[in-house]
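S.K.: Here is how the chains run, residue by residue.
2 protein chains.
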Amino acid sequence: MTHKRIKPAFKFWFQIGDNYVFGEGAYELLEQIREKKSISAAAKVTGMSYRYAWALIKEAEEHLGEPLVKAQKGGKRGGKTEITEAGLSLLGKYKRLKELMAEVCKKELPKN
Amino acid sequence: MTHKRIKPAFKFWFQIGDNYVFGEGAYELLEQIREKKSISAAAKVTGMSYRYAWALIKEAEEHLGEPLVKAQKGGKRGGKTEITEAGLSLLGKYKRLKELMAEVCKKELPKN
Chain A
1 MTHKRIKPAF
11 KFWFQIGDNY
21 VFGEGAYELL
31 EQIREKKSIS
41 AAAKVTGMSY
51 RYAWALIKEA
61 EEHLGEPLVK
71 AQKGGKRGGK
81 TEITEAGLSL
91 LGKYKRLKEL
101 MAEVCKKELP
111 KN
Chain B
1 MTHKRIKPAF
11 KFWFQIGDNY
21 VFGEGAYELL
31 EQIREKKSIS
41 AAAKVTGMSY
51 RYAWALIKEA
61 EEHLGEPLVK
71 AQKGGKRGGK
81 TEITEAGLSL
91 LGKYKRLKEL
101 MAEVCKKELP
111 KN
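So the protein lines, in turn, are chains A and B. So the first sequence is numbered by this note's numbering: it starts at 1 and just counts up by one. So the second sequence is numbered by this note's numbering: it starts at 1 and just counts up by one.
Isolated chain A, as found in the complex (with noise of 0.2 Å):
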């Protein structure tokens, strides 16, 4: 038995029916652009371009039905963003599940 060097791996997501609406990338952008409070500064950190970073944000909003981030102050491009509280709850819970799946990774695995 040599299963040693074996870890489990995995990666989680949000769908809703079978669309999948909010995963990873997602996660790690709303998680910047609430520290940054902008889009572009967000983008730049996760490697995405704005175009993109943009487009993710507006198709889970789409797929969720209501807003993710809302303008502090100024125009799109300019001003400062905010997540809203549906945003909040969705980062919220996101983490926490994926802490979960984590822990269990790391916990159940018998090691023989």
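Hints in this document: simulated from the structure, not taken from any laboratory. The C-beta atom is built at its ideal place from N, Cα and C for all residues, glycine as well. Just to be clear, a hint being listed does not mean it is correct.
[To be verified] Have a look at the derived ranges for each label pair, beta carbon to beta carbon:
#1 B:Q15 - A:E99: 18 to 24 Å
#2 A:V45 - B:E82: 48 to 54 Å
#3 A:A41 - B:K107: 32 to 38 Å
#4 B:A71 - A:K58: 53 to 59 Å
#5 B:Y20 - A:K107: 18 to 24 Å
#6 A:A9 - B:S40: 29 to 35 Å
#7 B:E82 - A:A41: 55 to 61 Å
Please arrange chain B on chain A, whose structure you already have, making use of the hints.
M.R.: Just chain B now, kept in the frame of chain A:
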């Protein structure tokens, strides 16, 4: 807040280092081999060609450094096939971890 219809989904696999070693396809195939004691019958049920099923097993065995199946009697193709102890152990771990992850997905998403 209209997150009610959102459901978490996940994909789960084993890896060694950064190498994918064993995932859903291999799991389903091995489960069927365990039941039917035949690679061809298991391949048929899981919708794989015999060649693909055989390659999937061989690749996993190479990564793991030990056999997952063994001939019970007769030749490779005609005779019965058994899962090795290592294979059974891997199947068990995969199943258990997958169930625990599914539990996380079911229980921990607050409904709001």
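S.K.: Kindly confirm whether 55 to 61 Å is satisfied by the beta carbon distance between E82 of chain B and A41 of chain A.
M.R.: holds (58 Å)
S.K.: Taking the Cβ atom of A41 of chain A and the Cβ atom of K107 of chain B, is their distance within the range 32 to 38 Å?
M.R.: holds (36 Å)
S.K.: Is it true that Y20 of chain B and K107 of chain A lie within 18 to 24 Å of each other by Cβ?
M.R.: The hint (18 to 24 Å, Cβ to Cβ) holds, given that Y20 of chain B and K107 of chain A are roughly 22 Å apart.
S.K.: Confirm or reject the claim that A71 of chain B and K58 of chain A have a C-beta distance inside 53 to 59 Å.
M.R.: holds (56 Å)
S.K.: Verify the CB-CB distance for V45 of chain A and E82 of chain B against the hinted window 48 to 54 Å.
M.R.: holds (52 Å)
S.K.: Does the Cβ-Cβ separation between Q15 of chain B and E99 of chain A fall within 18 to 24 Å?
M.R.: At 20 Å between Cβs, range holds.
S.K.: Confirm or reject the claim that A9 of chain A and S40 of chain B have a C-beta distance inside 29 to 35 Å.
M.R.: Cβ of A9 of chain A to Cβ of S40 of chain B: about 30 Å, so the range 29 to 35 Å holds.
Violated hints: none; the structure is consistent with every hint.
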